[in-house]
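Peer 1: Here are the chains, one letter per residue:
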Amino acid sequence: MKLIVAAIKPFKLEEVREALTAIGVRGMMVTEIKGFGLQSGHTEIYRGAEYAVNFVPKMRLEIVVSDGLADQVVDTITKTARTGKIGDGKIFVIDVSHAVRVRTGETNDDAL
Amino acid sequence: MKLIVAAIKPFKLEEVREALTAIGVRGMMVTEIKGFGLQSGHTEIYRGAEYAVNFVPKMRLEIVVSDGLADQVVDTITKTARTGKIGDGKIFVIDVSHAVRVRTGETNDDAL
Amino acid sequence: MKLIVAAIKPFKLEEVREALTAIGVRGMMVTEIKGFGLQSGHTEIYRGAEYAVNFVPKMRLEIVVSDGLADQVVDTITKTARTGKIGDGKIFVIDVSHAVRVRTGETNDDAL
Amino acid sequence: MDRMLKTTGLAALMLAVAAALPAFAQDATTTAAAVAAPVMDKGDVSWMMTSSALVLFMTIPGLALFYGGLVRAKNMLSILMQTTIIACMVMVMWVAFGYSMSFGGGTSPYWGGLGKIFLKGVNASSMSATFSPGYVIPEYVFICFQMTFAAITPGLIIGAWAERVKFKSVLLFMAIWTTFSYFPIAHMVWDASGLLFKLGAIDFAGGTVVHINAGIAAFVGCLVIGKRVGYGKENMAPHSMVMAMIGASMLWFGWFGFNVGSNLEANGGAGLAMINTFVATAAAALTWSGVEALQRGKASMLGAASGMVAGLVAITPACGTIGPMGAILLGFIVSVVCYFFVTVVKNAMKYDDSLDVFGVHCVGGIVGAMATGVFSAGWLGGVKDDTYSIAAQSLIQFEAVALTLVWSGVVAFVAYKITDVVFGLRVEADVEREGLDQASHGETAYHM
Amino acid sequence: MDRMLKTTGLAALMLAVAAALPAFAQDATTTAAAVAAPVMDKGDVSWMMTSSALVLFMTIPGLALFYGGLVRAKNMLSILMQTTIIACMVMVMWVAFGYSMSFGGGTSPYWGGLGKIFLKGVNASSMSATFSPGYVIPEYVFICFQMTFAAITPGLIIGAWAERVKFKSVLLFMAIWTTFSYFPIAHMVWDASGLLFKLGAIDFAGGTVVHINAGIAAFVGCLVIGKRVGYGKENMAPHSMVMAMIGASMLWFGWFGFNVGSNLEANGGAGLAMINTFVATAAAALTWSGVEALQRGKASMLGAASGMVAGLVAITPACGTIGPMGAILLGFIVSVVCYFFVTVVKNAMKYDDSLDVFGVHCVGGIVGAMATGVFSAGWLGGVKDDTYSIAAQSLIQFEAVALTLVWSGVVAFVAYKITDVVFGLRVEADVEREGLDQASHGETAYHM
Amino acid sequence: MDRMLKTTGLAALMLAVAAALPAFAQDATTTAAAVAAPVMDKGDVSWMMTSSALVLFMTIPGLALFYGGLVRAKNMLSILMQTTIIACMVMVMWVAFGYSMSFGGGTSPYWGGLGKIFLKGVNASSMSATFSPGYVIPEYVFICFQMTFAAITPGLIIGAWAERVKFKSVLLFMAIWTTFSYFPIAHMVWDASGLLFKLGAIDFAGGTVVHINAGIAAFVGCLVIGKRVGYGKENMAPHSMVMAMIGASMLWFGWFGFNVGSNLEANGGAGLAMINTFVATAAAALTWSGVEALQRGKASMLGAASGMVAGLVAITPACGTIGPMGAILLGFIVSVVCYFFVTVVKNAMKYDDSLDVFGVHCVGGIVGAMATGVFSAGWLGGVKDDTYSIAAQSLIQFEAVALTLVWSGVVAFVAYKITDVVFGLRVEADVEREGLDQASHGETAYHM
Ligand SMILES: Nc1ncnc2c1ncn2[C@@H]1O[C@H](COP(=O)(O)OP(=O)(O)O)[C@@H](O)[C@H]1O
Ligand SMILES: Nc1ncnc2c1ncn2[C@@H]1O[C@H](COP(=O)(O)OP(=O)(O)O)[C@@H](O)[C@H]1O
Ligand SMILES: Nc1ncnc2c1ncn2[C@@H]1O[C@H](COP(=O)(O)OP(=O)(O)O)[C@@H](O)[C@H]1O
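Protein chains in written order, with the numbering used here: chain U, 15 to 126; chain G, 15 to 126; chain P, 15 to 126; chain W, 39 to 486; chain H, 39 to 486; chain R, 39 to 486.
If you're looking for bench data, these hints aren't it; they were derived computationally from the structure. Hints may be right or wrong, so weigh each one.
Stated by the list, open to error - Below, a list of computed lysine-lysine pairs in the DSS-like style, where the Cα atoms sit at most 30 angstroms apart:
id : chain 1 : residue 1 : chain 2 : residue 2
1  : U       : Lys-99    : R       : Lys-336
2  : W       : Lys-158   : G       : Lys-48
3  : G       : Lys-48    : W       : Lys-112
4  : P       : Lys-26    : R       : Lys-384
5  : H       : Lys-271   : G       : Lys-93
6  : U       : Lys-26    : W       : Lys-265
7  : U       : Lys-26    : W       : Lys-384
8  : H       : Lys-206   : H       : Lys-455
9  : R       : Lys-112   : W       : Lys-112
10 : P       : Lys-93    : G       : Lys-99
11 : R       : Lys-158   : H       : Lys-422
12 : U       : Lys-93    : W       : Lys-265
13 : R       : Lys-271   : R       : Lys-455
14 : G       : Lys-99    : H       : Lys-271
15 : G       : Lys-93    : P       : Lys-48
16 : R       : Lys-206   : P       : Lys-99
17 : U       : Lys-48    : R       : Lys-336
18 : P       : Lys-99    : G       : Lys-48
19 : R       : Lys-336   : P       : Lys-48
20 : H       : Lys-336   : P       : Lys-26
21 : W       : Lys-112   : R       : Lys-271
22 : R       : Lys-158   : R       : Lys-265
None of the values given here were measured: they were computed from a predicted structure.
Produce the entire structure from the sequences given, and follow the hints as far as they go.
Peer 2: Structure follows, in C-alpha cells:
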C-alpha cells in the first residue's frame with residue numbers, strides 16, 4: 015500500500031475530494047497546515063510593527079491506497095488541484111507496510 | 015523503527031493515550047484532523063443555503079516505536095479505540111530509517 | 015528522497031525555518047500539534063474540577079529533500095531547535111518513493 | 039398625532055394628557071415652539087442621550103458583529119471596518135451638511151436647505167421641539183440622536199454585497215448615496231415640511247427612512263455587483279454564529295434607543311413604543327424558529343436571530359401607534375414573510391444577497407409600513423380613534439413605500455455606476471479568495 | 039418601608055423626604071394611588087426604561103455568553119439558543135397572562151388573577167404606583183421592567199443541566215415552571231396582596247423570586263436528569279473563558295437595571311441600591327480570587343467571574359436596605375460560602391450541576407436573603423430604625439426562603455416528570471458526544 | 039464656568055439659564071449648596087446613574103477586550119483578570135478611603151482629608167452639588183460615578199507592560215499608585231479646594247486626572263520593566279482584532295457616561311459634551327485610517343480603533359467648552375500626532391510599550407489638554423466669552439500637564455521600585471514564553 019501525502023490550495027479541497035471519490039478512493043485524512051515554499055506570504059503591520067507572515071495556508075491530504083491505485087491518485091490530484099499559479103502544491107508517495115481497520119480488525123487492502 | 019499513524023474518534027484519545035503509556039510508549043504527536051470515509055458527515059442549513067459537511071472530526075496519532083513494540087501498539091490502539099460503530103478509524107504502519115532526540119542528539123531507539 | 019518529520023518547540027519555528035532556508039531547503043509543511051512525551055503538561059482547575067492537560071503544544075515540520083541533503087537537514091534542525099531543556103523534540107526520517115510538483119507535473123528531485 | 043402638532047392653541051390644556059400619550063415621530067427642529075416659556079425636562083434629556091448612545095452601540099459593535107459573524111473569517115475585519123468607517127464618515131458629513139439638508143429649517147418638501155451647515159447658529163442653549171407642545175430638548179441632543187440614525191443606515195447596505203467590494207469603493211458609494219438618498223428622505227418623512235410628513239405617512243422610527251431605503255439600495259447593489267466567487271459551490275457558512283448572536287442581541291438592546299427615543303420624550307407613549315419593541319421582536323424570533331422547526335425539524339440560532347431582526351425592522355414604523363397584541367401579530371407575520379423570502383424567493387431568483395439585507399430589511403420594512411396602516415386602528419388595538427380610516431392610511435403608507443423604493447433605488451443605481459467608473463467595484467477573484475482582510479486592510483482577524 | 043406604603047394619609051407631607059429614600063420594591067400596580075393628582079416624573083420614566091433595556095441586555099447576550107463560554111464549543115449554540123428562545127417565549131406569555139397572574143390586581147395571596155390577561159385595560163395613559171406616594175410611572179414601563187425579570191429567571195436554570203437536554207423539552211419545562219412557579223412567587227413577594235409581601239419579607243430586587251426560585255429548580259433538574267456522559271473523565275473545561283468573562287461583565291452592567299430599577303424611581307434610594315451593587319460585587323470578586331490564591335496559589339478568571347455573580351446574587355435582595363459597608367461584608371461572606379459549595383460540597387455530593395446554578399444562585403440567594411435580615415439594621419449600617427428587630431425579620435426571611443424552596447422545588451419536579459413523559463429529557467449518548475449544536479440546531483458555532 | 043460656581047448669590051436668577059449651559063466639571067461634594075431648598079431633579083439622577091453604569095462597562099468588558107484582543111492568546115486572560123481585579127480592588131479602596139482623600143471636604147490643595155473615610159456620614163438623603171447652583175444629586179450617585187473613574191484609570195496602565203509582569207505585583211503597584219497619584223490628582227483637579235482647580239485648569243472629564251496620569255505611569259513602567267522576550271523578533275500580532283474592535287466600540291459607547299456624565303446634569307451643556315464626543319472620535323478614526331491609507335495603501339482596523347481611542351482621549355478635557363467644529367479639528371490633530379508617535383517615535387526610541395498606552399493616552403491627553411486652552415475661545419467656536427485669553431489659559435493648562443507628569447511619574451517610579459523589591463516585577467523568561475494565563479491563573483482562554 016502507499017501513503018500519498020499532498021499539500022494543496024485550500025479552495026481546491028472539495029474538488030479534489032470529489033475527483034478522488036470518483037476513482038474509488040474511500041477515505042482520507044485532511045489537515046490544515048501552514049505551507050512554506052516558493053509562494054511568498056504577506057506582511058501585516060500593526061501600529062508600525064511589521065510582521066512577515068512567511069507561511070501560506072494549505073490543506074494537507076493523506077490517502078492510503080493499494081499499490082495499484084497509487085498512480086491514478088497522484089494523477090488525479092495533480093490534474094484537479096492545478097491552477098497553474100505558484101503554490102499549487104506537492105505530492106509525495108511513501109510505502110505503507112501494514113494497515114488496520116479499527117472497527118473490524120481487517121488488515122491491509124481490506125482495511126482501506 | 016516504525017511510525018504508526020492512526021485516525022481515531024476524538025473522545026477516545028485519552029483512553030488510547032493511557033493504554034499506550036501502559037505498554038511503554040513514551041511519546042506521540044497528536045493532530046486534530048478532518049476525516050473522510052464511510053462515516054458520513056452532516057448537513058448545515060443557514061437561511062436556506064445548505065452546506066454538506068463531508069468531513070468528521072478525528073484525532074490523528076503518530077507514534078514512532080522500535081520494531082519490536084510496533085505490533086503491540088497496533089493491537090492496543092485497535093482494542094482501545096474500538097466502539098464497533100462506523101468511523102472508528104484506521105491504523106497505518108510505515109518504516110522509519112532514522113530518529114534523533116533534539117535535546118541530546120541521541121539517535122534511533124535511544125531517541126524514542 | 016527523504017521525508018523528515020520533526021516536532022519542535024513552537025517559539026523555535028522561525029529560527030529553524032531560517033536555518034533550513036540557508037542550507038537550501040525550499041519548502042516544508044508545518045502543523046500545530048499536541049505533543050506527548052517526557053515533558054509534562056499542566057493542570058487546570060475550573061471551580062474545583064481539575065483537568066490534567068497531558069499534551070504540550072509543539073510544531074510539527076515535514077520536509078522532503080533529496081537523499082543527499084537529508085543528513086544536513088537533520089543536523090541543522092537538531093542544532094537550531096535545541097535549548098537543552100526537556101521537550102526539545104524529535105526528528106524522524108522516512109523514505110519517499112515519489113514526488114510531484116502539482117503546478118508543473120515535474121517529479122522527484124525536480125519537484126522539491 | 040400629526041394634527042396635534044399643528045394645533046398649538048390647545049397646547050397648555052393638553053400638556054398633562056400629552057405627556058402620557060404616544061406621539062408621531064422625530065420631526066420638530068425649530069428652536070422654540072409653544073406660547074409660554076418652553077420647558078426642557080431633564081428626564082427627556084436623560085432619555086434622549088441614553089437613546090443616542092444606544093443607537094451608536096447598535097451600529098458598532100452591534101451591527102458590525104451581526105454582519106461580521108455571518109461572513110467567512112477572512113472577511114471579518116472588512117465588515118467591522120466598513121461599518122466603523124462609514125459611521126464615522128457619515129457623522130462628519132452630518133454635522134457638516136447632513137443635518138441641514140434634513141432638518142435645516144428650509145420649507146422645501148424635498149430637503150432642509152443649507153441654513154444650518156456646519157451647525158450654524160446652534161449652541162448649548164438652542165432647543166428643539168418635541169411632540170408635546172411646550173416641551174423641548176436641547177438641539178445638540180436632537181442632532182446627536184438623528185446623527186446616529188444617519189450613521190447606521192448606510193451600514194445596513196454593506197451586507198448585501200459583503201466579501202467582494204473594494205474598501206474605497208464602499209466609501210465613495212456611501213458618500214453619494216447618503217447625501218442624495220438618506221438626507222432627503224429623512225427630511226421628507228420626519229420634517230414638518232417634508233413631502234411624506236405632509237402626506238400623513240406614519241413612520242414612527244424609520245421603517246421607510248432606514249430599512250426600506252437601505253434595503254432597496256442593497257438589492258440594487260447585489261444585482262449590479264454580481265455573485266461571490268464560489269457562490270453555491272463553496273461552503274460559506276457563518277464563521278462565528280456566536281458573534282452573529284451577540285450582534286443581534288445588541289441590535290435589540292440598542293433598538294430601544296432607536297424606537298423609544300423616536301418618541302423624543304420619556305412618557306407613556308415611550309412606554310408603548312418600548313413594550314411593542316419587546317413583544318414584536320420576541321414573537322418574530324419565536325415564529326422564525328417555529329417555522330424552521332416545522333419545516334426541517336431543527337430551529338437554528340441564525341433563524342432566531344433573523345427573526346429577531348425581522349421583528350425589529352417591522353415594528354420600527356409601527357411601535358408608536360399600534361398596541362402590544364398587534365405587535366405580536368406583526369412579529370408573526372413578518373417572520374413568515376421574510377422566511378419565505380430568504381429561503382424560497384432568493385433561491386428562485388438566484389441573486390447573491392450575502393446577508394439578506396433585501397429579504398429582511400426591505401421586505402420586513404415594507405411589511406411593517408403596511409401593517410402600521412392597519413394595526414394603528416383603534417379597534418385593532420392601535421391608538422387611532424374612530425375617524426381613522428385603514429384604507430386611506432394604507433394608501434398613504436403605500437405611497438411612502440413606493441416613493442422610497444424608487445428614489446433610493448435610482449440614487450443607488452447611479453451611485454454604483456459612478457463608483458464603478460471611478461474605482462471599480464469588485465476586487466479581483468484571487469483577492470476575493472484570499473479574503474478582504476489581508477487585501478484591503480493588511481490584517482488577520484484571528485491569530486490563535 | 040412596607041409600612042409606608044400603607045399610610046397613604048401622610049403622603050403629601052412625605053413627598054420631599056421620600057424622594058430621597060430607599061423604598062421596598064417592585065410592587066404597586068394599581069393605576070392611581072395618592073389623593074392629589076399623581077405625578078409622573080420623566081426622570082423616573084427615563085431610568086425605568088433604561089433599566090428595562092439593561093435587564094434584557096443581562097439576559098441576551100449577558101447570561102447567554104456567561105453560560106455559553108463555560109460549556110464545550112460543541113454546545114455553545116444550544117446555550118445561546120435556549121437563553122434566547124426562553125426569553126422570547128416568556129415575554130409572550132407575560133403579556134398574555136403572566137403579568138395578570140403576578141400583578142393583575144387580584145387580592146389572593148397566591149396569584150394576581152386573570153383581570154389583566156392580554157393586558158386588558160392597559161393603555162399609554164395607565165399609570166402604576168411607585169414607592170413614593172403620589173408618584174407614578176407608566177404602566178407599560180412597569181410591565182416591561184417586570185417582563186425582563188420574568189424573561190431572565192428561567193434562563194438561569196438551564197446552566198445546571200447544560201449540554202444534555204433536548205431543546206423542545208427545555209421549552210416545555212420552562213413553560214410549565216414559569217407559569218406555576220415564577221408568576222405566583224412574583225405575586226407573593228412583590229404584590230401588595232401577596233403572601234410574603236404581607237408577611238413583611240424584604241426582597242428588594244428578587245433574591246427569592248429570581249435566584250432561589252431558579253436555583254432550586256436547577257438543582258432538582260440535575261438530580262432528575264443525571265450527569266453528563268464522560269463527567270469526571272473527559273476534559274470539560276470552558277471553551278471560551280473570554281466569552282464567560284464578557285458575559286459576567288455584562289451581567290454586572292445589566293444588574294444595575296435589575297437592582298436599581300427595582301427602586302422604581304431615580305432618587306437617593308436608587309443611589310443606595312447602586313453603590314451596594316458596585317461594592318458587594320467588587321468585594322465578592324476579590325474574595326473569591328483571594329481564596330483561590332491562598333488555596334492553590336493562582337487566582338483564576340473563572341473564580342473572579344464566579345465571585346462577581348455570587349456577589350450580585352447576594353446583594354439583590356439586600357441592596358435597598360443595607361449600607362455600603364454591610365454590602366462589602368456580604369460580598370465577602372457569599373464568596374466564601376459559595377466557593378466552599380462549588381468546590382467541596384458539590385464534589386462530595388457528586389451531582390453534576392454543569393455551571394453551578396445551585397451553588398451560586400440558590401446558595402448565594404439564601405445567603406443574601408438571610409443577610410438582608412441582619413444588615414438592614416440601623417446599627418449595622420442599614421436603613422431600618424431602632425424598632426427593627428433582626429431576630430423577627432430573620433424569621434420572616436427564613437420563611438420566605440423556605441416557602442420558595444419548597445414551592446419551586448415541587449413545581450420543578452413535577453414539570454420535569456411531565457416533560458420526561460411527553461418528550462423525554464435527555465438526548466442519546468451519541469448525540470451528547472457529537473454536541474447539541476449539530477443535533478438540535480443543525481449549526482456549528484465556529485467555522486474558523 | 040468656574041467663576042459661576044463661586045457666585046452663589048446669583049443662583050436663583052441663573053437657574054433657568056444654567057440648566058441649558060455647559061458647566062465645568064465633576065467637583066462639588068458638599069451636601070448642601072444654594073440658599074433656597076436645593077432641587078434634586080430625577081432627570082439628572084437618571085442620567086448620572088446611567089453614566090456610572092456606562093463607565094463600568096467601559097472598563098469591563100470594554101477596556102479589558104480592547105487590550106486583551108491586542109495581546110497574544112496565551113496572555114488574554116491575564117489582561118481580563120488584571121482589568122477586573124484592579125477595578126474591584128479600587129472600588130473597595132474608594133469607599134474605604136479614596137473618596138475621602140479626593141472629595142472628603144478637606145481644604146488642602148493636595149488631598150481631601152479623612153473626613154469621609156468609610157463613607158462616614160453619607161446616607162441616602164445626602165446630596166452633592168452640581169454645577170448649577172441650587173441643583174443637587176444624591177451623594178451616593180456622585181460617589182458611584184467618581185468611583186468608576188478611579189476604577190478604570192489604573193487599568194489603563196497595564197497595557198504598557200502587558201504580557202510580562204507578575205499578577206500580585208500588578209496589584210501591589212496599583213494599590214500604591216492609586217493611593218498616592220490618582221486620589222490626590224483627582225482632588226487637585228476636581229475639588230473646589232484643589233490646587234489645579236483653583237489655578238483654573240480646564241479638565242472637563244479627566245484628561246489630566248485619567249489619561250496623562252495613567253499614561254506617564256505606564257511609560258515609566260515600560261522603561262523600568264524592559265522589553266518582552268522576543269520583542270522585534272517574534273510575531274506579536276493581536277490575537278483577536280475582533281475583540282479589540284469590540285472593546286474599542288464599547289469604550290466609545292461608555293465614554294458618553296464618562297464625558298457627558300461629567301456635566302453632572304442632563305441639560306444643554308450635556309448635549310454639547312455629547313456631540314463633541316461623537317464628532318471628535320469620528321474625525322480621529324477617519325484621520326488615522328486616512329493617514330494609513332496614504333502612507334501604506336491600506337487602512338487597518340487597528341488603525342481605526344486607535345484613532346477612535348485617541349480621539350476620545352483628546353476630547354475628554356475639552357468636551358464641555360469647545361464647539362463641534364473645534365472637536366473635529368481636535369480629532370484630526372490628535373490622530374496625526376499619535377500616529378507619528380506610535381509608528382515613528384516609539385520605534386526610534388526602542389522602548390516596548392506593548393499597547394501604546396504612552397503614545398495614545400499620555401500624548402493624546404496632552405494634545406487634548408493644550409487644545410482645550412485654545413479651542414475654548416469663543417471666536418474658535420468655544421463657549422468662553424471675549425474676556426477669555428488663550429495665552430493665559432494655555433499657560434495654566436501647561437502647568438496642569440506638567441504637574442501631573444511629574445507627580446504621577448515620580449509616584450509610579452517609586453511604586454515600581456517598591457514592588458520590585460517586595461515581589462519582583464517580571465515573570466521568568468520561560469513563563470513569559472508559556473504565557474501568563476497558565477502561569478498566573480491556571481487557565482487557558484480558548485479550548486476550541
Ligand atoms: N484510505 C484512507 N486513507 C487515509 N485515511 C483513511 C482512509 N480511510 C479512512 N481513513 C480515516 O479513517 C477514518 C474512519 O474511516 P471510515 O471509513 O469513516 O470508518 P471505519 O473506520 O469504520 O472504516 C476516516 O475518517 C479517515 O480519517
Ligand atoms: N520540500 C518540501 N517538502 C514538503 N512540503 C513542501 C516542500 N516544498 C513545498 N512544499 C509544500 O508545497 C506547497 C507549495 O509549494 P510552493 O513552492 O509554494 O509552490 P509550487 O507548488 O508552485 O512549487 C508549500 O506551501 C508547502 O506546503
Ligand atoms: N515516540 C514518539 N513518537 C512520536 N513523537 C514523539 C515521540 N516521543 C516524543 N515525541 C514528540 O517529541 C516531543 C518532545 O518529546 P519529550 O519526550 O517531551 O522530550 P525530549 O524531546 O526532551 O525527549 C513530544 O511532545 C512529542 O511531540
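Peer 1: Taking the hints in turn, state whether each one holds.
Peer 2: Going down the list of hints, with the structure as the test:
no., hint, result
1, Lys-99(U) to Lys-336(R), "holds, 25 angstroms"
2, Lys-158(W) to Lys-48(G), "violated, 63 angstroms"
3, Lys-48(G) to Lys-112(W), "holds, 20 angstroms"
4, Lys-26(P) to Lys-384(R), "holds, 27 angstroms"
5, Lys-271(H) to Lys-93(G), "holds, 19 angstroms"
6, Lys-26(U) to Lys-265(W), "holds, 19 angstroms"
7, Lys-26(U) to Lys-384(W), "holds, 27 angstroms"
8, Lys-206(H) to Lys-455(H), "holds, 14 angstroms"
9, Lys-112(R) to Lys-112(W), "holds, 22 angstroms"
10, Lys-93(P) to Lys-99(G), "violated, 46 angstroms"
11, Lys-158(R) to Lys-422(H), "holds, 17 angstroms"
12, Lys-93(U) to Lys-265(W), "holds, 27 angstroms"
13, Lys-271(R) to Lys-455(R), "holds, 28 angstroms"
14, Lys-99(G) to Lys-271(H), "holds, 21 angstroms"
15, Lys-93(G) to Lys-48(P), "holds, 23 angstroms"
16, Lys-206(R) to Lys-99(P), "holds, 28 angstroms"
17, Lys-48(U) to Lys-336(R), "holds, 25 angstroms"
18, Lys-99(P) to Lys-48(G), "violated, 33 angstroms"
19, Lys-336(R) to Lys-48(P), "violated, 36 angstroms"
20, Lys-336(H) to Lys-26(P), "holds, 28 angstroms"
21, Lys-112(W) to Lys-271(R), "holds, 25 angstroms"
22, Lys-158(R) to Lys-265(R), "violated, 45 angstroms"
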